[in-house]
Amino acid sequence: MIAGWSRFNVVSVVLGFAFLYLPIVLLVVFSFNESRLVTVWGGFSTKWYVSLFSNQGLMDAAWVTARVAVISATVATVLGTMAALVLTRHTRFRGRILFSGMVFAPLVMPEVITGLSLLLLFVAVGLDRGFLTVTLAHVTFSMCFVAVVVQSRLVTFDRSLEEAAMDLGAPPVTTFFQITLPVIAPAIVSGWLLAFTLSLDDLVIASFTSGPGATTLPMKIYSQVRLGVTPEINAVSTLMIGLVAGGVIAASIVNKRRAVQRARDEQAAERG
Amino acid sequence: MAGPRLDLVRSGCRHRTDELEIGDGQRHDRCDARRRRRGPAKPGVTSLYRVDQPPRHRRSVLLEQLGEFGLDNYLWLTEDPLYLNAYVSSVVIAAISTLLALLVGYPIAYGMARAPAALRPILLMLVILPFWTSFLIRVYAWIGILKPEGLLNQLLLGLGLIDVPLVILNTHSAIFIGIVYSYLPFMVLPLYSSLEKMDHSLIEAAQDLGCRPAGAFWKITFPLSLPGVIAGSMLVFIPAVGEFVIPDLLGGSQTLMIGKTLWNEFFANRDWPVSSAVAVILLLLLIVPIMFFQSAQARAREEGR
Numbered sequence: 001m002i003a004g005w006s007r008f009n010v011v012s013v014v015l016g017f018a019f020l021y022l023p024i025v026l027l028v029v030f031s032f033n034e035s036r037l038v039t040v041w042g043g044f045s046t047k048w049y050v051s052l053f054s055n056q057g058l059m060d061a062a063w064v065t066a067r068v069a070v071i072s073a074t075v076a077t078v079l080g081t082m083a084a085l086v087l088t089r090h091t092r093f094r095g096r097i098l099f100s101g102m103v104f105a106p107l108v109m110p111e112v113i114t115g116l117s118l119l120l121l122f123v124a125v126g127l128d129r130g131f132l133t134v135t136l137a138h139v140t141f142s143m144c145f146v147a148v149v150v151q152s153r154l155v156t157f158d159r160s161l162e163e164a165a166m167d168l169g170a171p172p173v174t175t176f177f178q179i180t181l182p183v184i185a186p187a188i189v190s191g192w193l194l195a196f197t198l199s200l201d202d203l204v205i206a207s208f209t210s211g212p213g214a215t216t217l218p219m220k221i222y223s224q225v226r227l228g229v230t231p232e233i234n235a236v237s238t239l240m241i242g243l244v245a246g247g248v249i250a251a252s253i254v255n256k257r258r259a260v261q262r263a264r265d266e267q268a269a270e271r272g
Numbered sequence: 273m274a275g276p277r278l279d280l281v282r283s284g285c286r287h288r289t290d291e292l293e294i295g296d297g298q299r300h301d302r303c304d305a306r307r308r309r310r311g312p313a314k315p316g317v318t319s320l321y322r323v324d325q326p327p328r329h330r331r332s333v334l335l336e337q338l339g340e341f342g343l344d345n346y347l348w349l350t351e352d353p354l355y356l357n358a359y360v361s362s363v364v365i366a367a368i369s370t371l372l373a374l375l376v377g378y379p380i381a382y383g384m385a386r387a388p389a390a391l392r393p394i395l396l397m398l399v400i401l402p403f404w405t406s407f408l409i410r411v412y413a414w415i416g417i418l419k420p421e422g423l424l425n426q427l428l429l430g431l432g433l434i435d436v437p438l439v440i441l442n443t444h445s446a447i448f449i450g451i452v453y454s455y456l457p458f459m460v461l462p463l464y465s466s467l468e469k470m471d472h473s474l475i476e477a478a479q480d481l482g483c484r485p486a487g488a489f490w491k492i493t494f495p496l497s498l499p500g501v502i503a504g505s506m507l508v509f510i511p512a513v514g515e516f517v518i519p520d521l522l523g524g525s526q527t528l529m530i531g532k533t534l535w536n537e538f539f540a541n542r543d544w545p546v547s548s549a550v551a552v553i554l555l556l557l558l559i560v561p562i563m564f565f566q567s568a569q570a571r572a573r574e575e576g577r
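So the protein sequences, as listed, match chains A and B. Note that the numbering used here gives residue 257 to position 257 of the first sequence, counting from 1, and the numbers run on in steps of one. To convert, count from 1 in the second sequence and add 272; that's the numbering used here.
In isolation and in its complexed conformation, chain B is listed as follows (with noise of 0.2 Å):
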């Protein structure tokens, strides 16, 4: 048993630097020390490190696999800081989209629900509408357009407005604009249903007051969008935190997302303990994220009646 199980870690290992192609030696390593902590024997697991073919022993697996019940997967992730590094810079890069995408939205939002009243449902429609075309299409059209000799920065260059490509694609910026881009709708649409029940003559009235526009959009119109701002962010944040298609295909190798480091497990490295433990401790935590959600969303619906 302890023979093909070597075999296929050690091709796990060779797979996963081709995909990362960071330090290799360092990545090496790690791979070393994962095939030396974990030892040779873990009967049953063989037959799930085969991606492409049938499992082997199928009915046994989940038996042999309870046998085997332990923390030693937490403990791996505890001792990589790599887990941890991904776990990190996924919340900071999804608190960073979701304020661009709130800041990009809000204004969107906010001019769709002072649009004359026979406008408003064919807006409407038209921020839905791109929710329906593939997530994966609408990222992969962002590499054509931000690539070095991509079209933005033919425009730029065109323009005269740089002399130099700028370098976006395979960068944190990438991201920040495939993630507010493509959730972009789910902003909008709930900052424009709490925008659009607004009295407007609220304003007027504080305006009548002597108050200045900011003033009254900062005392009046913001705390009154607060409910959308919430389910607006939400939406945007707990989907963003585990993101794989935007970092993979905008962010290059050097992006350290968990749901990019939780496929890479899977698929190039094809441990699956690891991506499960991986996975929980994703889960645990976006928890405090979608429960507050769920009760901002109930406490709306009751407020609503």
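Chain A with its partners taken away, still in its complex shape (with noise of 0.2 Å):
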């Protein structure tokens, strides 16, 4: 196939990626300009990274987004799961195919759409507009993606397993916790991992459900965008950068390192 990579193709892959990667890069190298200026260069400096530590405002949103992030993803990749074990284990029930189109249509809905509609139901059943209520539309939405995530590998998932386990006694629920959830376990983690990025990055959403109080890190950049580009945003972005980074980084090599653990338990087992 060595043959088929022609220099067309290497200078497309090189360009597509220079156009993905220039912008953050840009982004990031700015972000330790001395001058207040975003584009013109005036020397190395940290010093908008302390001045970042000292803005409350931008303290208190990170906080909050943290927040949000974590209890809302731990809580959408539990409900994925479950809608993925349903949509891959029970392919015949009443209303599958509108239950599987409402699992999944967010996946393409505009945002304007999903917050609005989750903002008029909160006002309908009377939630106050805070912290809740973020979380709650952040469940919503990273729900379906944990789901998506979560049943490609339970479809590719090898049901003799528990077949065996239960013809050896196990009751279902022993089954289900000793041998479906240690297999799928990769698929829920970076299911996890997506629904924190997403919670973390998102706006739009954010925007319409908030309330006092509860003002995310995104919503506070947007408002401080508008009034134009300063090195601070520069650095509080490469620090969200480098923390995404870093956790997607860690997240594959420790599933890298669980294949090849489970390469060599196999080998053992065939050689046993």
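In case anyone wonders, no lab produced these hints; they're calculated from the structure. Keep in mind the model is a prediction, meaning the values are calculated, not measured. Don't take every hint at face value.
[Claimed, not checked] Which stretches of chain A does chain B cover? Using the computed rule of at least three CB atoms under 8 Å from a CB of chain B, they are:
{"#": "1", "region": "22 to 35"}
{"#": "2", "region": "96 to 109"}
{"#": "3", "region": "115 to 122"}
{"#": "4", "region": "214 to 225"}
[As the list claims (entries may be wrong)] If we take Cβ atoms under 10 Å as the criterion, some of the chain B residues that face chain A in the derived model are:
{"#": "5", "residue": "L395"}
{"#": "6", "residue": "I502"}
{"#": "7", "residue": "W535"}
We treat Cβ as the ideally placed atom computed from N, Cα and C, and that holds for glycine.
Mind docking these for me? Both chains are given alone in their own frames, and the hints should help you get the complex.
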């Protein structure tokens, strides 16, 4: 296949990745800029990071965002996994098409629609807008992403493992926790990470469903960005990028190690 | 009840003119027309207009709203050409951006699919990685690049390619760049997965039989990648129609897109019923491509088995 990797292919891949990464790299570079002008290089400095940590409003927003992301990702993972289990295990039940459509619709739904409809729901049931409503809204839209990730793992799941466990007398609940859950655990972990980053990033849905005292970091960033580009925003963006990139890389290392371990176990089992 | 409501509407109007910065005379007319048409009394709605405060009559809001059931808000959408223009321009902008994303994404996906097998997982990871970083931040990064005194213009001026800075920020071009950039992974991934599965010996066979490379591409590669083209285009087009962040930050005040109109209707004008009507029409507009996408996905899944 190497013969097929022509010069045109190489150039298009390199240019494509340059297009994808250059803006992010420039953003990170200019967060260390001494000058207040974002586009003129005035020497290396970390002063924007220092001023960032003394910005109380920004810090409060970061704390709210972190709490919302952890709680909503956890709840969304539980619900999304349940939805994925139902959709792969029960291929026939009344309203299955409607259910799967409803689970997957938020994947492509414009955020303004999701945000507005959730807000109207919260007002209709009389929930005060604030921390709780933002969290609930994030659970709703990130749940379907978890469901997709877990479902793709469940499709390739070998059900004879479960049958073997139940033949050996394990009740269904035990089978689920001893057999099914460990096997789909990597998908659940990546589902959680996806839900976490989605919640961390979300501006539109949070703006609709948030209330006083529950301003999230993207909302704060957005209101400052509208006033113009500042090195402080570059700094906060760099920290967020670093956090997420670190998480993703750590997760992929863990996944890889687990795969190596499993391969080793399988070899041992075959020999044994 | 009428007094405060009128005040709120009026303050909403003022807010809106500040926000949109276009032809204020015209805009005031619009607001006046709206105020006249709606009349003073719409009980229960007042509390909804205060976004920063908890609603005052929470429990009764829904019932009272239902009491006012009618198609007024939809009629309002047809009366004002602003909304129709916004829908049309959103669809046009999203369609052009989708086409551009396809043109940019196809060579990348093709190059990835032809890459040495050992390199492919890394390339795949590199395409997915930007998707994990904040959407808002990625759009924000382009402001610094595209603005008149920004990095792109500095580079082009420095190289002597242009004499006058290009005006890109706050134009449609900036929106196209923003959408293509933000949604490129959604285009590349489905394209890659359909191109990677393709049997390359088919192309070799065609070339052995005397087909030119371009002919082989259009007769074999492209038709075989069509599921990926459809999936990628839908994944870009559907969210792009309702996009808010990109037209707001990169497109400036002149841009008309329905996501932005809905946002202004809601946050600046504080007109919840009209913004809901805007959302419902947007949903109806998107239901056809969404269904099309779902059924194409289901078909692909069936074939995969």
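Do the hints match the structure? See the list:
1. 22 to 35: holds (count 5)
2. 96 to 109: holds (count 5)
3. 115 to 122: holds (count 3)
4. 214 to 225: holds (count 4)
5. L395: OK, holds: B/L395 within 10 Å of chain A, min 7 Å.
6. I502: 13 Å, violated
7. W535: 6 Å, holds
In terms of the numbered hints stated before, the structure departs from hint 6 and from no other.
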